[in-house]
Structure formats: C-alpha cells, structure tokens
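Dock chain B against the given chain A, drawing on the hints supplied.
2 protein chains.
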Amino acid sequence: MRLVVKIGGSVLSEGLEGLIGDLKGMKGVVLVHGGGREVTEVAKRMGKEQKYIVSPSGIRSRYTDLETLEIFVMVMAGKINKWIVSSLNSAGIDAVGLCGVDGRLMVAKRKKRLIAVEGGRRRFIDGGYTGKIVEVNPELIGSLLEMGYTPVVAPIAYGTEGEMLNVDGDRAAAYVAAGIKADCVVFLTDVDGVILDGGLVRRLRLSELDGVMARVGFGMKNKVLASKEALSMGVKKAVISSGLVDRPLNRALEGRGTVIEVG
Amino acid sequence: MRLVVKIGGSVLSEGLEGLIGDLKGMKGVVLVHGGGREVTEVAKRMGKEQKYIVSPSGIRSRYTDLETLEIFVMVMAGKINKWIVSSLNSAGIDAVGLCGVDGRLMVAKRKKRLIAVEGGRRRFIDGGYTGKIVEVNPELIGSLLEMGYTPVVAPIAYGTEGEMLNVDGDRAAAYVAAGIKADCVVFLTDVDGVILDGGLVRRLRLSELDGVMARVGFGMKNKVLASKEALSMGVKKAVISSGLVDRPLNRALEGRGTVIEVG
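From first to last, the protein sequence lines stand for chains A and B.
Residues in the first sequence are numbered from 0 upward in steps of one, following numbering that gives the first Met the number 0.
Residues in the second sequence are numbered from 0 upward in steps of one, following numbering that gives the first Met the number 0.
A pair counts as met if it fits within one copy or between any two copies, since identical chains are not told apart.
Derived SDA-like pairs: lysine to any residue, alpha-carbon spacing no greater than 25 Å straight-line:
id : residue 1 : residue 2
1  : LYS131    : LEU65
2  : LYS220    : SER206
3  : LYS43     : SER9
4  : LYS236    : SER206
5  : LYS47     : SER12
In case anyone wonders, no lab produced these hints; they're calculated from the structure.
The shape of chain A in the complex, shown without the other chains:
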C-alpha cells in the first residue's frame, strides 16, 4: 500500500511522537509537512513582517515575496524537514528529507497575479513566489520507497522558470499522492475532521465537496480542496483526521475522522 500523510504545524509540535509510533514497521508511507508558524517566527526574528491575503474563494495564504521565499525555504526544507527526518531516524525509521526541487519532484507554475479580497473589495496583486503544482515526477520518491525509506517532503516546488516556489502543503500532499498512485491521502490536523453545524461529518462523497467548502473555515477549506484534487486525480480515498490523538495514523486508516471517497 502506498500512503501520503500530510502533517500540519500543530501536529508537528505536539503529535509527532504519536505518528512516529504508527509509522514503525509501516512501509510505503510518504510524509508531507507544513510548518507555517515556524516560518512566521523566524521571519519575525529576522525583522521580516509576514503578510497574508485572502482569495475570493476564502482561502487565506502567506504573501510570499522573494525575501519571504528565502526564509520559507530555509525553515521548511532546512529546519523543519531535517528535524522530522532526524526524529524518524532516531526511532529506527529510515527517512530521507526532500523538497519539490530535489529531482524536480514537484514542478509548479508561478502565479503571475493573485486576487486579494480586502474589506469586501477585490484587487489584483503581483503573484510573488507562490505556485500551482503542474507536474509531479514520482521516480525519485518511488525509488526511495522501494529501498525502504520514508520520504519526508517540504512544501516547496521547482518553478517552470527555474525559481523555487512556496506551495500549499495540503495540496502538495494531494499531488504527490496522485503522482505516486497512492491508495490514500491522510490529512492529520488539529481538529477531528470536517465539522458542519457543530458535528463531525464521518463520510463525504467527492460530489459533495464543493458544497462543504463554502461552509467551513480557512484551514479546513484547503484540506477539502486538496481532497477534491486528490480524488479527481485518481487517489481512491482521502481522510481528514486528528493528529493530536494516540495512534493518529492508525485511527485515520480505521476510518476515524472524515473519510472522503469518489462518487
């Protein structure tokens, strides 16, 4: 079985140990991580204020100018990625850290401009160094999986013009999952799954996702969109589940959280 697991920032800081317990003895797993909070902290220490923008579809994201990109790459591919890899290695899991630039694993097209919504008004701004993934080259990850390694992937893509680009971690996980023909993509986050009207939604169909997206908050919107993309590209199942519980990955695979399937 091939599996892609996205781990967000809060899972990194509070739930990595639990996940590592699950990963022992499992093969065929690729981790994709976030870590935006850490990027913000380092940027602040370097005197570089971070800006955020909200898209018309309600997705909030970091505005990545060149200086922010450099900090993003340092923190994501350096600090966070290598910290995860060394934590896995310490637990006896042979891990290799990568980002989309390595082996041109994730190729993205730079967004030339973005639409930012501010106070109800839309305006066009320069796209900065943010990209939309257009291609995944699965050879490198595939070979690493065959050798028994657990690849750990930072959300940085190789731009079609040779630049590095900030890409969203959830959507990177979706594309990698599709690229390696994973059976399932799991989003481990700090809530139990998709919550609608105060209750956890246990099962969703691909066809229901657009409707759901309009009714959830910033962070969840992205995971629902990424699930939609993964399923549209051939991944059979997506699970959005808590990473802050015991055995988070096993629980997700047992169907706890929100399970999304084609249909």
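Relative to the frame of chain A, chain B by itself:
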C-alpha cells in the same frame, strides 16, 4: 568514475556557474558544500552573535551551541543546499539535495569537549553541537548516482545520540569520498592550491602532509587534513584547486592546483 567535489563559500557565490558548465554531461559526481559566511549573516540578522574557536592544531571553527546549530541546519540544508540544487536543475543536471541526517548518510560522534586556544592559553570548553564523522552509509548516495542524479550534500551529520551535528565540509567530503569509494576528491576553493613560500605546490605525497599542515593558514590546513583523511581511507587522489576560474572541475582533473597522492 566516482568523484566528490567540495565547494566552499566563495565558489558558491562566484564560481557556481563555471562548475555547472563542467558538470553538464558528467555522471558519478557528488557535491559537498560549505556556506559558513551565509550562516553567519543569517545568525547576525537573527541577533545571534557567532563565536569562533581555534584548536591547538590551529584549526579555526565556529562554536556551535544549540541555537547556532538550528541556524546552521536552516541555512546549510535549506537555503544553500536547495539553491544549489535548483541551479543545477535549471541547467539540466538532475540534482537531489541531502544532508548527513538523510538516510543516516553521515553519522558523527558529538565532541564532548573542545580545547580552545586563546592568547596562547588552552582551556577546555563544552563541545557544543559539533561532531566527528564516524560512519558513512553510502547506500543512498550510491543509488542516487546509479539513477543518474547528482547528490548535493550539506555538512550536517546525524549524531550517535540522535542529535544533528555541524561537521566540517572539507572533512565531510573526505568521508563521503571514502564511503562511496570515489576515485578522487576535489576541493574547489578561492586560491590556486597549497601555497608554500609564495609558490604553488603542484604535487604532494600523503607522507608529506603533516609537514605541510604546520606551514599553511587556517582554511588550507583543513583541506590538507581532509586530503590526508581521504587518502588514508583509500581514496586514490585529492586535488586542491581554484573554483574561481573557467572550467574549474576540468582543470582540477587535468592536474592544475595541488594534486595529492598516496606514498
């Protein structure tokens, strides 16, 4: 042919283009990089003053406390490593960036204490997060080379106690060269080779290195020591040569610079 090429900071900032020209079409090359100046710059911007110590044998090195280590890892494995990888990829060279933590490529033992020489006096200080490489696991790099990738390695090792450690780039190159049974290790630097009494030394034997080491400056001492280690571990040849000229790698392989062989 298998070849390990160490590229120092000045080569990174001024000579990468020339090296990339040489690398096109070459297979079997592993790059190991430095980048201390960049680490110092980022540390400064983060308000973290860097300290240096000089060992009794005259080697000057960064004192790496935990906070410095975190910056070191960010800059080396994140910023510099991924910048080199993306530059290579842009030139059509399939590169993959790694550090010693990935696949436990370089395992080091933390130096428990260091002897620092200050004003002629020696004192013991805590070793911080600096390590001496004790093991190289060549499987990962070997497989990447077989797949046609150019591995790019940051000078960070996986500590025997699970920590990450700052290791010297020159010596990392020596150990990696020995680990993958390279035919040659090339140190591309900002001078033409070993300079003694104002003149370039064209040929050196392993047995002459101890004598040479006492007569060269800080930066060169390290390269001579690394050459000695590489040759002692079975690498047939070491070349110390300029990285700031046209065709730097081809020139080094043609024997320009200082060529060191067993004997």
